[in-house]
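Student: Required output: the full structure, derived from the provided sequences and hints.
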Amino acid sequence: MNTSSHYDVAIIGAGMAGLAAGIRLAHFGKRVCIFERHNAVGGLNSFYAIDGRKYDVGLHAMTNWVPPGTKGTPLGKLLRQLRIEREEFALHPQKRSRIAFGPAGETSLTFTNDFAVLEAEVAQKFPAQIDGFRALVALVRAYDDVSLDAKPESARALVRRHVTDPLLEDMLFCPVMYYGSATERDMEFGQFVIMFKALFLEGFARPLDGVRVILRVLLEKYRHAGGERRMKCGVRRILTSAGRADRLVLDDGTEVTATHVLSTIGAAETERLSVEAAVPGASHPVGRLSYCETITVLNRPPAALGWGEDTIVFFNDSARFAYEQTAGPVDARSGVICLPNNFAYPDGADLPEGLFRCTCLANYDHWTGLPGEAAYQAEKQRWYGEIQRSALRFLPPLPAPDALGRATVATDMFTPRTITKFTGHLGGAIYGSPVKIRDGRTPLANVYLAGTDQGFLGIVGAMLSGISMANFHVLAAKG
Amino acid sequence: MTKDACKQIVLDIIADIAPDEDLSNLKPDVRLRDQMQLDSMDFLDIVMELRKQHGIEVPEADYIHLASLDSCADYLTPKFEALGK
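Those protein sequences? They're chains A and B, same order as listed. Sequential numbering from 93 applies to the first sequence in the numbering used here. Sequential numbering from 83 applies to the second sequence in the numbering used here.
Don't read these hints as lab results, they were simulated from the structure. All clues given are correct.
Taking lysine to aspartate or glutamate pairs in the DMTMM-like style, the calculated list, with each CA pair at most 20 angstroms apart, reads:
id	chain 1	residue 1	chain 2	residue 2
1	A	LYS163	B	ASP121
2	A	LYS122	A	GLU312
3	A	LYS163	B	ASP98
4	A	LYS122	B	ASP124
5	A	LYS163	B	ASP104
6	B	LYS134	A	ASP100
7	A	LYS217	A	GLU198
8	A	LYS163	B	ASP116
9	A	LYS122	B	GLU139
10	B	LYS89	B	GLU103
11	B	LYS85	B	GLU131
12	A	LYS187	A	ASP442
Tutor: This is the structure we're talking about:
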């Protein structure tokens, strides 16, 4: 065997999960290499530049923010396990966020990183529901959401036991689903709990320079621990023998061997590497939920347009909130607005320009089936306008009808096609398959899943997934 | 290797794993878990760091001996001595 191409652990994908797993394994002396097909790290939470401007792909906000000194939460676990000082992430908390429902956002719930604010809002706007809401929160707090063998239960059914007003129910599900659910209409209750805690009981924060800061810290730790990585070089095939991964064939045609393989690219995507005739969705359903996002760069901070208070706004204009694959190109009835300038940056620091981002559900087949690049660009332009028009209904009115247009200096938009480019997910599935594999096992004895399809959600969840699977399958494994 | 030196080694590892914990008032005879937020992930790290930094192996069946600083010292000091430390 050529020892130079043998690793203790080969990690497929340099997203949050792969990097976090890599840090753990390299720190404890394993010979590790991360193979990443894309030219940038981060996977879904990556970044790019156009005309010298920096854009983030996924990250609106890092969830799971807790004040310094808070013990026993995912952020603290993550920092400990990766030996990261809290200051290194340089997180700044949100100002406030809102859930705005109705054709012009008539019913609105404000929330901040102080849970008492949301509780008071529910008590004021839904007085008949507050006892049920408190009972639901008690259930969420008591739930063991990191158990690797919990029985799946319907979140809608459990929430309805306590919250009987469908409007409040939908308003609670909207942020939780948009920020992490791969399942249409309903969620597994454990996943609901993870996201409810991450968004409402904990909170939002962001480094001034966005996701790059997080990735820089992870890469530095990984390098320092002795981990290797190969960029623009994915794994093309997993060659198997006696139910184990025997060799990995890389995109450049070379082969490497590894004692363990940790795949962060998704369950169906991993299966396709090893099973010659794998039919997508046959053993692992391919996710059906994909997004478009518009990004508008402004020559002034959003506050100058009267939008200085909201960090994130989750909106829906219809009688019920429909979190499901849309038949049309985009479902602009609901969505998420993010104003990255509106975090509490210290000493008046702010981003160099204003940013206004809107996310809506979109149909992968439509966006990948357009006849040619010109049609794709034209469709982007059309839906950029539609999404922005829809979102504007839920923000404070502009000082003049053309104020936004005059403040706009650049625009961009990502579509389901972009998501597949950055993540490799089949179907542009933003959060992967609706069926999660909590113990990370695959039919191959030495291949494990981490990341999206293992099922810890959000950015912090993704990193904890990499950590947990590295611990469980490699570091704590017998022999 | 004295038991106090062994305790200090364990304390150094905990300080490295959990820099956000105050270790100045730890009682040596009380379970670590009862005085600090240490979960099973953290205990795994104590074991892993003992192996990485000092070449000491703690089999899973013996994790129970790492409950308090005193029990750590009782269990680990002979292992350090066996390595000539």
